[in-house]
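From first to last, the protein sequence lines are chains A and B.
Under this note's numbering, the first residue of the first sequence carries the number 1, and numbering increases by one thereafter.
Under this note's numbering, the first residue of the second sequence carries the number 1, and numbering increases by one thereafter.
Calculated from the structure, these hints are not laboratory results.
No false leads were slipped in.
Quick list of in silico lysine-lysine cross-link-like pairs, DSS-like style, CA-CA up to 30 Å:
id: 1; chain 1: B; residue 1: Lys37; chain 2: B; residue 2: Lys135
id: 2; chain 1: B; residue 1: Lys342; chain 2: A; residue 2: Lys50
id: 3; chain 1: A; residue 1: Lys50; chain 2: A; residue 2: Lys63
id: 4; chain 1: B; residue 1: Lys377; chain 2: A; residue 2: Lys50
id: 5; chain 1: A; residue 1: Lys63; chain 2: B; residue 2: Lys84
id: 6; chain 1: A; residue 1: Lys179; chain 2: B; residue 2: Lys342
id: 7; chain 1: B; residue 1: Lys78; chain 2: B; residue 2: Lys37
id: 8; chain 1: B; residue 1: Lys314; chain 2: A; residue 2: Lys63
id: 9; chain 1: A; residue 1: Lys50; chain 2: B; residue 2: Lys343
id: 10; chain 1: B; residue 1: Lys314; chain 2: A; residue 2: Lys50
id: 11; chain 1: B; residue 1: Lys377; chain 2: A; residue 2: Lys63
id: 12; chain 1: B; residue 1: Lys78; chain 2: A; residue 2: Lys63
id: 13; chain 1: B; residue 1: Lys342; chain 2: A; residue 2: Lys63
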Amino acid sequence: MSDQVLEIRTPFHEFEVGFNVIIDLITPSTRVLDLGCGSGTLLARLRDEKDVEGCGVELDQEKVIRCTERGIRVMTLDLDHGLEGFPDLSYEYVVLSRTLQQIINPERLVREMLRVGSKCIIAFPNFAQWKIALRYLLTGRTPIVKTFPHPWYNTPDIHRVTISDFRHFIHDIGGRIEKEIFIIKDTPGTNISWPNGRAEWGCFQISAQ
Amino acid sequence: MDQIGVVETQYLQFDGLRLESGGYLGPLIVAYETYGKFNDKKNNAVLVLHALSGDAHAAGLDENGRTGWWDGMIGPGKGIDTNKYFVICSNCLGGCKGTTGPTSINPDTGAAYGRSFPLITIGDMVNVQAMLVEKLGISKLHTVIGGSMGGMQALDWACRYSDKLESAVVIAATARLSPQGIAFNWVGRNAIRSDPVIPVNHSDSTTGDAKSGRGLAVARMIGHITYLSEETMQAKFGRKRTLRDMDGTTYSLGENEGLGGEFEIESYLQHKGSSFMERFDEDSYIIITKAIDYFDLVRQYGDMVSAFENITAKMFVISFTSDWLYPTSMSMAIVRALQAAKKHVSFVEVDLPYGHDSFLVPQGMPTLTRIVRGFLKGV
Numbered sequence: 001m002s003d004q005v006l007e008i009r010t011p012f013h014e015f016e017v018g019f020n021v022i023i024d025l026i027t028p029s030t031r032v033l034d035l036g037c038g039s040g041t042l043l044a045r046l047r048d049e050k051d052v053e054g055c056g057v058e059l060d061q062e063k064v065i066r067c068t069e070r071g072i073r074v075m076t077l078d079l080d081h082g083l084e085g086f087p088d089l090s091y092e093y094v095v096l097s098r099t100l101q102q103i104i105n106p107e108r109l110v111r112e113m114l115r116v117g118s119k120c121i122i123a124f125p126n127f128a129q130w131k132i133a134l135r136y137l138l139t140g141r142t143p144i145v146k147t148f149p150h151p152w153y154n155t156p157d158i159h160r161v162t163i164s165d166f167r168h169f170i171h172d173i174g175g176r177i178e179k180e181i182f183i184i185k186d187t188p189g190t191n192i193s194w195p196n197g198r199a200e201w202g203c204f205q206i207s208a209q
Numbered sequence: 001m002d003q004i005g006v007v008e009t010q011y012l013q014f015d016g017l018r019l020e021s022g023g024y025l026g027p028l029i030v031a032y033e034t035y036g037k038f039n040d041k042k043n044n045a046v047l048v049l050h051a052l053s054g055d056a057h058a059a060g061l062d063e064n065g066r067t068g069w070w071d072g073m074i075g076p077g078k079g080i081d082t083n084k085y086f087v088i089c090s091n092c093l094g095g096c097k098g099t100t101g102p103t104s105i106n107p108d109t110g111a112a113y114g115r116s117f118p119l120i121t122i123g124d125m126v127n128v129q130a131m132l133v134e135k136l137g138i139s140k141l142h143t144v145i146g147g148s149m150g151g152m153q154a155l156d157w158a159c160r161y162s163d164k165l166e167s168a169v170v171i172a173a174t175a176r177l178s179p180q181g182i183a184f185n186w187v188g189r190n191a192i193r194s195d196p197v198i199p200v201n202h203s204d205s206t207t208g209d210a211k212s213g214r215g216l217a218v219a220r221m222i223g224h225i226t227y228l229s230e231e232t233m234q235a236k237f238g239r240k241r242t243l244r245d246m247d248g249t250t251y252s253l254g255e256n257e258g259l260g261g262e263f264e265i266e267s268y269l270q271h272k273g274s275s276f277m278e279r280f281d282e283d284s285y286i287i288i289t290k291a292i293d294y295f296d297l298v299r300q301y302g303d304m305v306s307a308f309e310n311i312t313a314k315m316f317v318i319s320f321t322s323d324w325l326y327p328t329s330m331s332m333a334i335v336r337a338l339q340a341a342k343k344h345v346s347f348v349e350v351d352l353p354y355g356h357d358s359f360l361v362p363q364g365m366p367t368l369t370r371i372v373r374g375f376l377k378g379v
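Isolated chain A (complex conformation) (with noise of 0.2 Å):
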């Protein structure tokens, strides 16, 4: 039973209400760069939608592509290795989206994003939420679970990352949070209580102080 998926994570170019909720925190017509773009599905949206100026960032030689089919413009660049080259406040938003927990040092990339950024917006899954939690607690084992959909030996997922590790990662790096979005069963919410136990997904915005 404790190795059974729970359910399978949505892939990424169908999370839709995380897209939404980060399209709506965006101003329109400003400068976005996002960081592990994928296909660029969520600059396309803010280039249609929001007359947005955007850059993506991808180590997938074949979504690199895709991006540059679909007219997105896009850097092939390791994350890990920073963001050496891109001035300081050159866009007005660095978005991270579900890529925060498979990042080799968070740390030094979210200081990176808050440099080259004036607002960061960070959306990533919830290792807390209650069923999580408990699973982990009663089986003693890591869970497979829908935000988390792989084992703990192959996964991407290096980092099994929590809200309330989250709010204290900004603080202790001197960032500060402006805003908060949680997604529990596919609905954003802001004034939710007990987010970091409900929440499968939290979404920040965020910036340097």
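Take the given structure of chain A and dock chain B to it, following the hints.
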């Protein structure tokens, strides 16, 4: 129309050109080919820039049935779609395929320039291309695109004629050649210089003085090694022996000309060198490699960011994972400077195993086609 078919090289004559070195070179002939048609606004022109050994014949077939050097990329429905774009490719200044170069007649002496041809720069080549573009009635190019030396020219175009192009694609290039690259070019030129003077090209009356070709062949062999990757050599040749390697007691030093050595890689290089000797001029090789070696935007403008300050074109930089002659780090240096200058830049590092030549080999064409087509559409 699904093929370009037979293409004829065309020629335009100009009075001359003030060289960056200060001298004057004239009269000037430019050899070029075009594919596709202008649209009504004449804003669909794509200028293709060739590498060291290329020529104006980029696509289609010439009168001898020879396929153009980038035929996989240029044509109806291809990466640079001739149903959409008017494509131009000219032989570079200093070349030996129709544009004024060392094999051309010096009007002052009535003989070929030969080694007296003046030192030219990548900038001079670009200025000549700009003269051609103007003569063709194009006020703004949709794109300039080139690999290796062609990439250097594309970069120089963007810096020099920012108002004359919408976009530039810089493939496997650098803003300044590495000392390693200069070293290989030096060895190549040294091979030419060390050549014993034996007349080999009797049929070529323009060369006048006795010329030989084996030095040029050696230079080409060295070049070829730098254009390939270890992986490609391993896959293509490995340690395979040729049929001549029979008794194991004799060996060849290449004295048998086209036959080559005991290993297949030796015969391959021998063949490449020999065929290059037939089709290229050693003084062109010298003058073009000098231009490549001297190309240095940092030296020219103080630093790379200053060089890129006036760029308005959308820039697209492409490198290849297996290219060790113009490695990704050199493309990244261009990208970072463009970013620092707040320019519109895209960058793709393409994972192909074919070394510096990845943009030319047929196996790399499907990937590169998607990238180039996508970018051109988005300009």
